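Going down the list, the sequences are from chains A and B.
So in this note's numbering, the last spot in the first sequence is 240, and the numbers never skip.
So in this note's numbering, the last spot in the second sequence is 240, and the numbers never skip.
Hints were generated in silico from the structure; no laboratory data involved.
All values derive from a computational prediction rather than experimental measurement.
Here a beta-carbon is modelled for each residue, glycine too, at the ideal position from N, C-alpha and C.
Mixed in with the good hints there might be a few duds.
Distance ranges between label pairs, derived from CB positions [said to hold, decoys possible]:
1) A:I73 with B:E172: 32 to 40 Å
2) A:K18 with B:K220: 39 to 47 Å
3) A:K18 with B:K165: 29 to 37 Å
4) B:K119 with A:T228: 46 to 54 Å
5) A:I73 with B:D124: 34 to 42 Å
Stretch-level coverage of chain A by chain B, calculated; a stretch enters the list once three of its residues show a Cβ under 8 Å from a Cβ in chain B [unchecked claim]:
6) 28-35
7) 82-94
8) 154-166
There are 2 protein chains.
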Amino acid sequence: MVDPRTSVIVERMKDVKKVIAVSSGKGGVGKSLVASTLALVMAQKGYKVGLFDLDFTSPSTHVILGVGDVRPIEQKGIIPPKVHGLKYMSIIYYSGDLAVPLRGADVSNALIELLAITKWGSLDCLILDMPPGIGDVTLDLVRLMKRIEFLIVTTSSQLAFETVKKLIDLLESLKIPVIGLVENMKMDNSETIQRSTEKMGLKFLAAIPYDSKVEESMGKTRELLRTTVSKKIESMLSKI
Amino acid sequence: MVDPRTSVIVERMKDVKKVIAVSSGKGGVGKSLVASTLALVMAQKGYKVGLFDLDFTSPSTHVILGVGDVRPIEQKGIIPPKVHGLKYMSIIYYSGDLAVPLRGADVSNALIELLAITKWGSLDCLILDMPPGIGDVTLDLVRLMKRIEFLIVTTSSQLAFETVKKLIDLLESLKIPVIGLVENMKMDNSETIQRSTEKMGLKFLAAIPYDSKVEESMGKTRELLRTTVSKKIESMLSKI
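Chain A on its own, in the form it takes in the complex:
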């Protein structure tokens, strides 16, 4: 049976020019930080940006951006609140702050519901903070959003990069475009990750050094915009 919400989603997304899914092989590599900062930096530059936190395993962009006590407004659908110049939506508005243990099928349903009701309006770019790896959310999104492109985040760690290689294999086998790779929390000057990325035929977008100030800038966007993370992300904008 065709879900009637599918055609609603196409209509809702028709004025969204670009969709970037920020993803990673494993968690804890700074994916949410990269997604939030990218959205913030683009909004500062005057782009019309949306940020949609779909990481139902551990939604965090509301903490990073200090979203505060705003809520979506119901108006023949849901209008995302404006936060620091960007339109913001998160799965937390669906699940509430008390997380519910969700099975894959429930996650799919929540995702489709959220995509069907959210009115993004006109956007230059919608940034999605994805759950790590490829599961129900990725498989549904790829089916529902034709223009989706992936931006992959890793750390320099062997474990993280191994899972990224698998993720990229999977995306390629599903014929999903990959914009490139960001190496986050870099502690040294090794070029191993950059070389391996380029060997896979992918763009190496940025090497972001580990920055201890990031932890203190959680929820404080003005401080976040002054970190090395923001500067590195700003300088990679031309490549995406």
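Since the structure of chain A is already known, use the hints to place chain B on it.
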């Protein structure tokens, strides 16, 4: 309909005295490292230990332990190979090295199949490396294994600890026993996490300092056993 494999699982697990599920709110906090090291340290002490990597989002224990080219043996079920003195099984033996994009229902099915076919024999302790958060795997395991207890891993980061609090709320609402919490990759002497843990009525099991030698000891168990991580985990054994 009752899955006939359910009763097989009960039979397979009857000589396993203790089941510890090592879990975390978000990924990248060192959950697989704690699970692997805990299993290794217990095996060194002479306990009969099994380690089962169920983190289908990013299985890593085979890299940490340098499992090498061993395979389970088929013999009216599957016998886990013996690796560094412990019995080892991983979801990678099911999915192969080329990860398949799995939906939740497929993950459930793979898990039940693995539990039904694996012959652990007699064990003092079976350690499970769980996927982060609570999803299909956790919900199935809790249903299938009556004696399961959770050991929670976090870092000192605010984002990681926020998701841990949610995880603990969920486990409590599902009436699942929590052994306690491990703080990993600690960079300073702050007691914030310890105090918050104890305020929640939970045992604070260990504070493991960040140790740059861990990355180099991937796959080399003799070096891994010399790290601070191993020493801290050894000294928490009496508490679990």
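Taking the hints in turn, this is what the structure says about them:
no.: 1; hint: A:I73 with B:E172: 32 to 40 Å; result: holds, 34 Å
no.: 2; hint: A:K18 with B:K220: 39 to 47 Å; result: holds, 44 Å
no.: 3; hint: A:K18 with B:K165: 29 to 37 Å; result: holds, 35 Å
no.: 4; hint: B:K119 with A:T228: 46 to 54 Å; result: holds, 52 Å
no.: 5; hint: A:I73 with B:D124: 34 to 42 Å; result: violated, 57 Å
no.: 6; hint: 28-35; result: holds (count 3)
no.: 7; hint: 82-94; result: violated (count 0)
no.: 8; hint: 154-166; result: holds (count 8)
Of the hints listed earlier, those the structure fails to meet are numbers 5 and 7, in rising order.
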